[in-house]
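Protein sequence lines, in the order shown, are assigned to chains A and P. So for the first sequence, the working numbering puts the first residue at 1; every next one is plus one. So for the second sequence, the working numbering puts the first residue at 1001; every next one is plus one.
Keep in mind that the hints are not guaranteed to be accurate.
What the hints assert, rightly or not - If the Cβ cut is set under 8 Å, some of the chain P residues that face chain A in the computed set are:
1. Ile1133
2. Phe1166
3. Thr1168
4. Ser1328
For the record, the hints were derived by calculation from the structure and aren't laboratory data. All of these numbers come straight from a predicted model, not from anything done at the bench. Beta carbons: idealized from backbone N, C-alpha and C, even for Gly.
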Amino acid sequence: MNEANNKLDTNTFIKGLWKENPVFVQVLGMCPVLAVTNSATNGMAMGLATAFVLIMSSTLVSLLRNFIPKQVRIATFILIIATFVTVAEYLIQAISIDIHKALGAFISLIVVNCLILGRAEAFASKNSVGKSILDATGMGVGFTFALLCLGGVREILGTGTFFGIQILGASFEPWILMILPGGGFFTLGAWLLLFNYMKERKAAKMQEATA
Amino acid sequence: MNVLNKTLEIRTSPHLKSAVSTDQIMMHVVIALVPTTLFAIYAFGLAALLILSVTTFTAILTEHIYCRLNNKETTITDWSAAITGLLLGLTLPPALPLWMAALGSVASIALVKLLFGGLGYNIFNPALGGRAILQAAFPVAITTWHPAFLADRFSSIPSSSFAWPFTTGTYDAVAGATPLGNMKFNQVSTDVTDMAMGLTSGSVGETSAVLILLGGAYLVARNMMNWKIPVVIFITVAILSGIVNFFNPNTPTPMFMLLSGGMMLGAVFMATDMVSSPVTDRGIIAYSVIIGIMVTVIRLWGGLPEGMMYAVLMGNAVSPLLNRSLKSRVYGTGKKGGAK
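Can you make the complete structure from the sequences, with help from the hints?
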C-alpha cells in the first residue's frame, strides 16, 4: 500500500469542495441529487446525512484497512456503511419527523450512494485515518453544498420561497416544473454548464499565463 | 489524388440533387401558415398579434445570440427559428402572459433545438417541446382560455398579457372553455360546423380546421410535406373513436375528435416536421398510428382534455427506433428472391 505521503495538507480537504466536487465534477450519487432536492431544506438534510455517513464510514474503513481481506473488502465496506446509514435514519427520525417523511426511502438508499463506496475504496482503504477524515469531510461538505445549490434554485423558482421563507412577492407565479423531477435535470444541467464554463475559462487563463 | 479531386467529384449516390434548399422549404411553410395566422389575429385581435410577435421575435433572437456565443455564423437566415417561434405562438392560449410566451420560445430554441445540435439534429419538434415545458411549468396559465371574437378585441389587450415577468396574470374576461374542455368536464358537445370554421375558443392558431387543412394542402401540392402522416393520424383517430362512440354514445363522435383542439394543427404542421419524424414509409405509418392511438387514449381516458402535444412528442421519441427497426428492404436482398 502506498502510504508514503501521510502529510495532512489542506488540498486533501479543499479538492472535495471545488476541484473534485462529487456532484458538479465527478457526477456521483445522482439518485438523491435529483430526487430529493425539491427544496433547500430537503437538499441540506440529505447532504448532511450523506456527509455524516461518509465521514464515519471513511474513518472506520481507514482504521480497519490493514485487517480487511482484499477479497471481501466491498462487502465489508457496505456493512460498515449500512451501519451508519441506520444510525443516520434514526437520528433524522428523532430530529424531525417531517424531514424523515420528505426524504423517505432515499435515506436508506444512502447505502448505495456510489460516492461513499467510491471514497472508501479509492481513498480511505489506502490512506491514514487523519487524511481519510479530511477527505471525507471535504467530499461531504462539497456534496451538501451541491445539494443546497440545486435545492435552493428549485425552491426559489418552484415555490418562491427559500428554506420555507417567502422571498418573492405574493403575485409570483411558481414554476411548477422546477419542483417536479424534470426540474431537477434542468437545474443540474444548468449548474454543470456553469461549472464547466468556469473550468474552461480557468484553463484558458492558465494557458495564457504559461505561453 | 489531389489532381483527381480537383477535376472529378467522387461521391456516393444520390447523384441527382434537388434544387430545393432549407430556406426555400421554410418560406413555403410560412406561406402555408399565412391563412391560419391571419385568421388567428382576426379571431383574437391584438392579443394574438402580440403573442405571435413575441414568440417569433424571441425565437430569432435566441438563435442569433446562441450562434454569436459559439462564434458560429448566425443560422437565423434559414427562417427555421422564425417558424418555430410562430408555431409555438399558434399553440398558446391568446391571453397567456407575454413573459411566459417568451420563456417558452427561449426553451424551444435553446433547450429543445440548439442543445441537441441545431436544425436537423433535434429529437423533438422544438415548438411542441417548448410548449410541453410551459405546460409543466405553468399548468394553470396555459389552460386559461380567452373567448374569441370579443367586440373590443382590436382596441384593448387582455390585462393578463402584460403581467410583469415572474408574476401571475390577472384575467379580466370570463374565461371561455374550449370544445374539448366542455366535452370533458361538462359533457357538452360543440357544433361541428363552428369548430370547422374556427368560431370556438382555443389556442391562438388551432381553431380554424379548414384554414389549417388549406395550408397543409398547399405544402402537399408543393411536395414539401408527407401527406401520409396527417391522413393516417386522422384515420386512426376516426376508427378508434368511432368504435368507442358506437358502444358509448356519451363519448365524442369521430368528427368532433378530428375538428377539436390541436388535432389539425398538430397533425398537419407538427407531426410532419421533417426532422423529428421517421424517414421510411413503414416507419411513417407506424409513427402516425402511434400518434393517433395516443391522442385518442389521452383525450378519452386521460386527465387532460387535450393530448395532441404529448402524442406527437411521444411519436417523436419513438421515431429513431422506428427508423432502425422498420428499414426499407434494399433492392435485391431479403425474402423476395434476389441474392441469398
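Hints and how they fare:
1. About 7 Å separates the beta-carbon of P:Ile1133 from the nearest beta-carbon of chain A, less than 8 Å, and the hint is met.
2. Interface hint status for P:Phe1166: upheld, as the beta-carbon distance to the closest one in chain A is roughly 6 Å, under 8 Å.
3. The criterion of a C-beta within 8 Å of any C-beta in chain A is met by P:Thr1168, whose closest approach is roughly 4 Å, and the hint holds.
4. For P:Ser1328, the interface hint is violated, since its Cβ never comes within 8 Å of a Cβ in chain A; the closest pair sits about 36 Å apart.
The structure fails hint 4 only (numbered hints given earlier).
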